[in-house]
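J.: Below, each chain spelled out in residue letters.
Number of protein chains: 2
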Amino acid sequence: MNVIPLTPRNEVVLIRQYRHGIREGTLEIPGGIVEESDTPEHAASRELIEETGYKESEMQLLGSVHPNPAFLTNRCYTFVAKGVSRWKAQEQDEKEDIEVVVKPLGQIPELIRGGEITHALVLAAFYRFYMEYLPGL
Amino acid sequence: MNVIPLTPRNEVVLIRQYRHGIREGTLEIPGGIVEESDTPEHAASRELIEETGYKESEMQLLGSVHPNPAFLTNRCYTFVAKGVSRWKAQEQDEKEDIEVVVKPLGQIPELIRGGEITHALVLAAFYRFYMEYLPGL
Numbered sequence: 001m002n003v004i005p006l007t008p009r010n011e012v013v014l015i016r017q018y019r020h021g022i023r024e025g026t027l028e029i030p031g032g033i034v035e036e037s038d039t040p041e042h043a044a045s046r047e048l049i050e051e052t053g054y055k056e057s058e059m060q061l062l063g064s065v066h067p068n069p070a071f072l073t074n075r076c077y078t079f080v081a082k083g084v085s086r087w088k089a090q091e092q093d094e095k096e097d098i099e100v101v102v103k104p105l106g107q108i109p110e111l112i113r114g115g116e117i118t119h120a121l122v123l124a125a126f127y128r129f130y131m132e133y134l135p136g137l
Numbered sequence: 001m002n003v004i005p006l007t008p009r010n011e012v013v014l015i016r017q018y019r020h021g022i023r024e025g026t027l028e029i030p031g032g033i034v035e036e037s038d039t040p041e042h043a044a045s046r047e048l049i050e051e052t053g054y055k056e057s058e059m060q061l062l063g064s065v066h067p068n069p070a071f072l073t074n075r076c077y078t079f080v081a082k083g084v085s086r087w088k089a090q091e092q093d094e095k096e097d098i099e100v101v102v103k104p105l106g107q108i109p110e111l112i113r114g115g116e117i118t119h120a121l122v123l124a125a126f127y128r129f130y131m132e133y134l135p136g137l
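The listed protein sequences derive, respectively, from chains A and B. To convert, note that position 101 of the first sequence is 101 in our numbering; the numbers rise steadily by one, no gaps. To convert, note that position 20 of the second sequence is 20 in our numbering; the numbers rise steadily by one, no gaps.
Chain A with its partners taken away, still in its complex shape:
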């Protein structure tokens, strides 16, 4: 599951996280595993507040994708969290090192074009997001 957190001023709350695979920091949206005892929507709210300290006023499902249909059965559900605002400090595991980065929504395309946002699941999430707003998509 992953979630695009949108402030009332049309800013996106992103996280910069060190990724061991590619050995560098990447700009992403909050996300994580949905436990069996949990719903995707509740997991999205929980990860959002844990990773960023922001809380939404409304959570809306955008759709789901298969991250790796050749080998895995899992789906990744994508949400948009509307009307998010700073609620409290982040809750981080000791091994996590997450920096919260707030960017205007209009800058997302240039962050993708410039190679700052490279995570396939984040691009897929923004595709589903823009699909709701841009004609022709």
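Only true hints are included.
Among the chain B residues that face chain A by a calculated CB cut under 8 Å, a handful are: (1) T26; (2) A120; (3) L121; (4) G136.
These are computed hints drawn from the structure, not numbers from a lab. Ideal Cβ positions, reconstructed from N, Cα and C, are used throughout, including at glycine.
Fit chain B to the supplied structure of chain A, relying on the hints for placement.
T.: Chain B only, in chain A's frame:
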């Protein structure tokens, strides 16, 4: 690497492939591994003709993404293959079972919305593709 094959009539050459992970057929674009001895562009041309029998008149790089930056170093390069036309029969490995499906470009959004295209890397590829053509993306 994956590649969006576009005919001169603005149709996309898709493939329907059985995926063992999710145990069903998914609608995807051609793609595969880039061998160390190969370039992403050459691999894209080779996979295109092997999986579909179509050949491009021009191959254009759209960008690249990280399929799984938490664990893996690999990048997935995305191309658009312009002016593709039927060149010869598909070359299939015995274990592959790939059906070629040609759809108008304008139907891609509804194939995604309707859950026929669900592969995260395919959505990410179309994001990069539409980015070239739609203002605001």
